[in-house]
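The lines below spell out each chain.
Number of protein chains: 2
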Amino acid sequence: MTYFPASLERLIDSFASLPGIGRKSAQRLAFHVLSLPDQEALAFSDAIASAKKEVRRCKVCRNYTDHEICSICSSDRRDRSVICVVSDPRDVLSLERAREYNGLYHVLHGVISPMNHIGPDDIGVKELLVRAAGDEVQEVIMATNPDTEGEATALYISRLLKPFNIKVTRLAYGIPVGSNLEFADDATLMRALEGRTEL
Amino acid sequence: MTYFPASLERLIDSFASLPGIGRKSAQRLAFHVLSLPDQEALAFSDAIASAKKEVRRCKVCRNYTDHEICSICSSDRRDRSVICVVSDPRDVLSLERAREYNGLYHVLHGVISPMNHIGPDDIGVKELLVRAAGDEVQEVIMATNPDTEGEATALYISRLLKPFNIKVTRLAYGIPVGSNLEFADDATLMRALEGRTEL
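Protein chains in written order, with our numbering: chain A, 150 to 348; chain B, 150 to 348.
Looking at chain A on its own, in the form it has when it is part of the complex (with noise of 0.2 Å):
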């Protein structure tokens, strides 16, 4: 019982696939798309076109990128010392907001998971050990996200790196700044206490 012709069934069968977007939520942005300017809604369809052509995986550290060896790998003004580890791309921005770290990083896409198969070979570990081979790299950081998947993933990770003596680092772990004792969970205050410092 289809009312709505084939090309704009399509257009939304597209969009209700995305993650988190139901059937309603895609008919209205499908009915949206078709009341944009052809201009605007080719450039949307050029984007994805172009996006998933132009982008591809950076040789060095995995992250995305538009050439060969992503900006950050390619800078001369990064610390070559210190790899830091994320599980994703996203990860990367968050810390360079931060203004805080200058090495490189090593982008995972994914974590090791099981119950969905995803190993150690998923999600480039190997690229990291040949990374962690080089002369340079004296300690890397383990940025995983905090949950269980994470932790066993930078565990995991932390133990193959342990034959290449180089520091092997991560996150530290506590409450975070500007929330309220109040709210944090047992978990949390259990590792702020475990860490803390002198002041």
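It is possible that part of the hints are untrue.
[What the hints assert, rightly or not] Derived DSBU-like pairs: lysine-lysine, alpha-carbon spacing no greater than 35 Å straight-line:
#  : chain 1 : residue 1 : chain 2 : residue 2
1  : A       : K202      : B       : K173
2  : B       : K311      : A       : K316
3  : B       : K202      : A       : K202
4  : A       : K173      : B       : K173
5  : B       : K173      : B       : K208
6  : A       : K316      : B       : K208
7  : A       : K173      : A       : K208
8  : B       : K202      : A       : K316
9  : A       : K173      : A       : K316
10 : B       : K208      : A       : K208
11 : A       : K173      : B       : K202
12 : B       : K173      : A       : K275
13 : B       : K316      : A       : K173
Hints listed in this document are in silico derivations from the structure and should not be mistaken for laboratory results.
Could you slot chain B onto chain A? The hints should help.
Quick look at chain B alone, frame taken from chain A:
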């Protein structure tokens, strides 16, 4: 301070320009598209372009169609003496789903809204009058939304239709089937009382 490749930023911008999609969601969607197989991503891109190219408004009722005249207007099974006026193509879908109505439609693509500079000329009122002037039409059902602008639009159109000696009706107001009196608002209850029918 952009750390994503330009084409990825453009894709994020495109998603963020959609209604109800914020910057973070747009990033999530853009990353999802990048993670799709080439074929699926290009199918999405193509769906936008071809929907925009193929979908147009039916010459008779202004509903979306990929033909000159939509499947409802060109069907010989529909009662051509009744026109149901709705503000949005999705309303046609809702009414068709009820399987109660067998007449034709007229899609306004909006409602009269002085605040948003939308006047009668912008929503195809003239086209409706042309259709009403035909011999066949005996009844026009106003099925705009029961909000202020929908009401005003229905009232405005019904006045224009007066001279044509056509029956103009409005969808009934009342308590939604399956709902609870407790949750019905005052205005709805008032209308439900006014419109009560004999058992």
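Hints and how they fare:
| no. | hint | in the structure |
| --- | --- | --- |
| 1 | A/K202 - B/K173 | 23 Å, holds |
| 2 | B/K311 - A/K316 | 85 Å, violated |
| 3 | B/K202 - A/K202 | 23 Å, holds |
| 4 | A/K173 - B/K173 | 20 Å, holds |
| 5 | B/K173 - B/K208 | 40 Å, violated |
| 6 | A/K316 - B/K208 | 71 Å, violated |
| 7 | A/K173 - A/K208 | 40 Å, violated |
| 8 | B/K202 - A/K316 | 58 Å, violated |
| 9 | A/K173 - A/K316 | 51 Å, violated |
| 10 | B/K208 - A/K208 | 54 Å, violated |
| 11 | A/K173 - B/K202 | 23 Å, holds |
| 12 | B/K173 - A/K275 | 30 Å, holds |
| 13 | B/K316 - A/K173 | 34 Å, holds |
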